[in-house]
Every structure is written in C-alpha cells, then in structure tokens.
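Peer 1: Produce the complete structure using the sequences and hints provided.
Number of protein chains: 2
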Amino acid sequence: MINTIILPEPTLRRLPWYLAYIDILKAQKVEHVSSTQISRALNVDASQIAKDLSFLSLKGKTRIGYEVDALASTLSDFLGFHTPHKAYVFGAGSLGKALMQDSGLANYGLNIVAGFDVDAAKVGSMVGDVPIHHIDSLEEVMEADPATIGILTVPADKAQDTADIAIGEGIKAIWNFTPYRVKVAEGIVMSNTSIYAHLALIYNRLNAER
Amino acid sequence: MINTIILPEPTLRRLPWYLAYIDILKAQKVEHVSSTQISRALNVDASQIAKDLSFLSLKGKTRIGYEVDALASTLSDFLGFHTPHKAYVFGAGSLGKALMQDSGLANYGLNIVAGFDVDAAKVGSMVGDVPIHHIDSLEEVMEADPATIGILTVPADKAQDTADIAIGEGIKAIWNFTPYRVKVAEGIVMSNTSIYAHLALIYNRLNAER
Numbered sequence: 020m021i022n023t024i025i026l027p028e029p030t031l032r033r034l035p036w037y038l039a040y041i042d043i044l045k046a047q048k049v050e051h052v053s054s055t056q057i058s059r060a061l062n063v064d065a066s067q068i069a070k071d072l073s074f075l076s077l078k079g080k081t082r083i084g085y086e087v088d089a090l091a092s093t094l095s096d097f098l099g100f101h102t103p104h105k106a107y108v109f110g111a112g113s114l115g116k117a118l119m120q121d122s123g124l125a126n127y128g129l130n131i132v133a134g135f136d137v138d139a140a141k142v143g144s145m146v147g148d149v150p151i152h153h154i155d156s157l158e159e160v161m162e163a164d165p166a167t168i169g170i171l172t173v174p175a176d177k178a179q180d181t182a183d184i185a186i187g188e189g190i191k192a193i194w195n196f197t198p199y200r201v202k203v204a205e206g207i208v209m210s211n212t213s214i215y216a217h218l219a220l221i222y223n224r225l226n227a228e229r
Numbered sequence: 020m021i022n023t024i025i026l027p028e029p030t031l032r033r034l035p036w037y038l039a040y041i042d043i044l045k046a047q048k049v050e051h052v053s054s055t056q057i058s059r060a061l062n063v064d065a066s067q068i069a070k071d072l073s074f075l076s077l078k079g080k081t082r083i084g085y086e087v088d089a090l091a092s093t094l095s096d097f098l099g100f101h102t103p104h105k106a107y108v109f110g111a112g113s114l115g116k117a118l119m120q121d122s123g124l125a126n127y128g129l130n131i132v133a134g135f136d137v138d139a140a141k142v143g144s145m146v147g148d149v150p151i152h153h154i155d156s157l158e159e160v161m162e163a164d165p166a167t168i169g170i171l172t173v174p175a176d177k178a179q180d181t182a183d184i185a186i187g188e189g190i191k192a193i194w195n196f197t198p199y200r201v202k203v204a205e206g207i208v209m210s211n212t213s214i215y216a217h218l219a220l221i222y223n224r225l226n227a228e229r
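Protein sequence lines correspond, in order, to chains A and B. Count along the first sequence starting at 1, add 19, and that's the number in the numbering used here. Count along the second sequence starting at 1, add 19, and that's the number in the numbering used here.
Hints are not guaranteed to be accurate.
Copies of the same chain look alike in the list, so a pair counts if it fits in one copy or across any two.
[To be verified] Pairs of lysine-lysine, DSS-like flavour, derived with a Cα cap of 25 angstroms:
(1) Lys80 x Lys141
(2) Lys202 x Lys177
(3) Lys191 x Lys177
(4) Lys202 x Lys45
(5) Lys177 x Lys45
(6) Lys105 x Lys202
(7) Lys70 x Lys202
(8) Lys177 x Lys48
(9) Lys45 x Lys105
(10) Lys48 x Lys202
Honestly, the hints are just simulated from the structure, not real lab data. Bear in mind that the values here come from a model prediction, so they are computed numbers and not experimental data.
Peer 2: Now the structure itself:
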C-alpha cells in the first residue's frame, strides 16, 4: 500500500522516527507497542503519534497497543521504502560519489542507476555499481533506464542549469544537496538537504553555548 | 568575526543560500549586489534578506547595494566556515565513510579527524586521511586530538548509546544522520539531517503528483 495523499511535512519527518524505533523493538522480538511507549522513547506527544499513525489507517488496540511487526511493515510500505525508486546523481564529486556508494539508501527504496558529470576523466568510469555518463548523454540514458529522481551534487554555480536540464529530460523530483537554492516549476518535487545550513546551525549554537 | 549570538534557525538556513549565490557573483567578477537582485535570484523576500544580513552588521548602500567581495567573506566568516571545527565520525559504514571522504566539508570548516567503529576489521584502517579507532579508545583519542562535534552514522539501534558515550567523553554537538531520534541533555547541540525523511517526502509528493 503506497500512499497517494499528500501528507503534512512534519508528519513525514516523524514517521521515519517511529519506524526506526519500531524496527529496534522488532529486532528485540517485542510484540506490541503503545503510543505512550513510543512517546516516551522519542519525546513526541502521544496524541500526535496516534494522529500521525491514523494516516496509515492503523489503530492501536486499547491496553495492548499496536502490533510491532504489522506496524513496521505497514509504515515502511507506506513511506515507500519497499518500492524501488530510480534516481540519477548529477555531479560525481566527493559527495556524489559518496551517495552512489552508500548502500544504505537502497534499504530505503532509493535505487541510483546512473551518475552524470562533465569531467572527461570521470565519464565512462564506474562508482561502485553505478556508471558515470556525460551529461550530454542524459536523453539516451533516460530512454534506456529512466529515472524520476535527480540528486543534485554539482558545484553551486551549476545547480540551476543542471536541474533545468534534468527536468527538461523528464526528471520529476530534485533532491538538492548543493547550497544553491534551485527554483523549479510547479509540479516538480523539490527537496533540499542543506548540509551547510546544518553546519552553520551547529557552529552558531556551539559558539553561543560557550 | 565569529558570531556568538543565537541566530534564528530560518536565518541560518537562508544565509548559506545567499553565500552560495554571492560566491557565484564573485566568480563572475560582479562588484555589487542589491537585496532586490538576491531576492529575484533566490525567491526570498528582499526585506527578509536585508533583515537577515543586518545580523552581520552589514548594510547595503542605497542604489549600489552590497560589495560582493566583502559580503562573501563576511558571510562565510560569520557562519564559521573559515574556522576549522574538529569532528569525529561514529560509525564507519557506507555513509560514515562517505562523509570522511567528502573533501567538500573542509571548505565549510568541518575537519573530521577520527572515525570510530566496533568492527575489528575496520579498526586500525584509514578512510582517506581519517584513522578508524575502536569506540573504546574514545577517551584516549579525545585527549590526543579533541573534537567538539560527533557525527552519528551508526545503525539506528546504536544511535542513543553512541551519542551518550560521545557526550560523556566531552563531545558538545551531535550531528545525527541516523533515522533514530536521539535525546540529549540541555546544553548539548543537536542537529538532525534526516535523509530518510527527505526520501519519504520525495516519494510522497511524487505519488501525489501522479
């Protein structure tokens, strides 16, 4: 069961927390868990948890709570982690290569099938199992092995152009790891993982704590 | 000039966007930029930009705007990207190794000096320039080459314990890449980079757009 309703962003941020916790309980052979128990472990309000989980049409039983096994697999299904989603990585620099080699992403449904770069030294090589193509071959690769997600790890000054090219060839979602704020047309999914913003936050709070 | 005031999180999210854009202008030898121009490029309200930049005690001149060179270096200084911050990576799995090999992070002031794991096959090895130690050696390593930031890339079921150990040995900030919601005492800086939450968001929006 894949969800097709638009979930609120805060819910989508919390559901993976619940899943991570419930997976731990599952490994410990725990059979049932209540929202109060999840609440205590994760510091999230119990009524919020019940509300978030109600999107999955899953209800806990009074006094017993949720079945751990069912909750784990329903949550993972619901979040799309069991469905392979094909992705390309644009920019085979250090971060791009790192993501192509991060086998953990496959466990969350992300299947990186190709990388793109403009550097002749990289084009034609493999990063792990992932072949690196020239960006000019995008149309061809898109025909042979189409992807919906474009992961952006190019230098900041190439971010907008690369996103435009990717979207022009049919990419439907941009996962932006560059510090540049890429603009996309309506209907294109955009998600920013702002590594540098997190660093800025950590440094600021560290200095303030001194 | 490092800032020691606590900046609002949204400001800390936006400042790196401005910096990325201004660095591009700098490379293009542009000399001045107005907040209106930044606003158009990044889809951020011009008055918001002026407000964010006022934290840096930088003011644009009427009609001319900000000096690009000065703005770039002041912003980067202010965000702490010019100051090396020592960090350890906990968990030398695929993501942990990826971060240790991401040379780009050093450009943003992050200096990863050691990795930790419990896997005997990894302990004693190097990932790029970074030595991997057993977690039991943390106290020793902390004395020899102390760090303030702990980057958490262990399996979710080890996230809380590892954070507790790291903090116990003097780590002041946890940058959590695991899907587990780690709890820390007050005074410890906590930042979550929720890769899996971003994937969940992308998948949800893609399915809804269909």
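Peer 1: Next, verify each hint and record whether it holds.
Peer 2: Hint check results:
1. Taking CA atoms no more than 25 angstroms apart as the test, Lys80 paired with Lys141 passes in neither setting, with 55 angstroms inside one copy and 45 angstroms between copies.
2. When the C-alpha separation of Lys202 and Lys177 is checked against a cutoff of 25 angstroms, the pair qualifies only within one copy, where the shortest distance is 13 angstroms, while the shortest distance between copies is 38 angstroms.
3. Proximity of Lys191 to Lys177 under the C-alpha cut-off of 25 angstroms is restricted to the intra-copy arrangement: shortest distance 19 angstroms within a copy versus 35 angstroms between copies.
4. For a Cα distance limit of 25 angstroms, the shortest separation of Lys202 from Lys45 across copies, 21 angstroms, qualifies, whereas the shortest one inside one copy, 41 angstroms, does not.
5. Taking the shortest Cα distances, Lys177 and Lys45 sit within 25 angstroms of each other only across copies (15 angstroms), while inside one copy they are farther apart (44 angstroms).
6. Proximity of Lys105 to Lys202 under the C-alpha cut-off of 25 angstroms is restricted to the intra-copy arrangement: shortest distance 22 angstroms within a copy versus 34 angstroms between copies.
7. Within a single copy, Lys70 and Lys202 get their C-alpha atoms only as close as 33 angstroms, which misses the 25 angstroms cut-off; across copies the closest is 22 angstroms, which meets it.
8. For the homomeric pair Lys177 and Lys48, the shortest alpha-carbon distance between copies (17 angstroms) is at most 25 angstroms, but the shortest distance inside one copy (49 angstroms) is not.
9. Proximity of Lys45 to Lys105 under the C-alpha cut-off of 25 angstroms is found in neither arrangement, the shortest distances being 28 angstroms within a copy and 36 angstroms between copies.
10. In this assembly of identical chains, Lys48 and Lys202 lie within 25 angstroms of each other by CA distance solely across copies; the values are 23 angstroms between and 46 angstroms within a copy.
Of the numbered hints listed earlier, those contradicted by the structure are 1 and 9.
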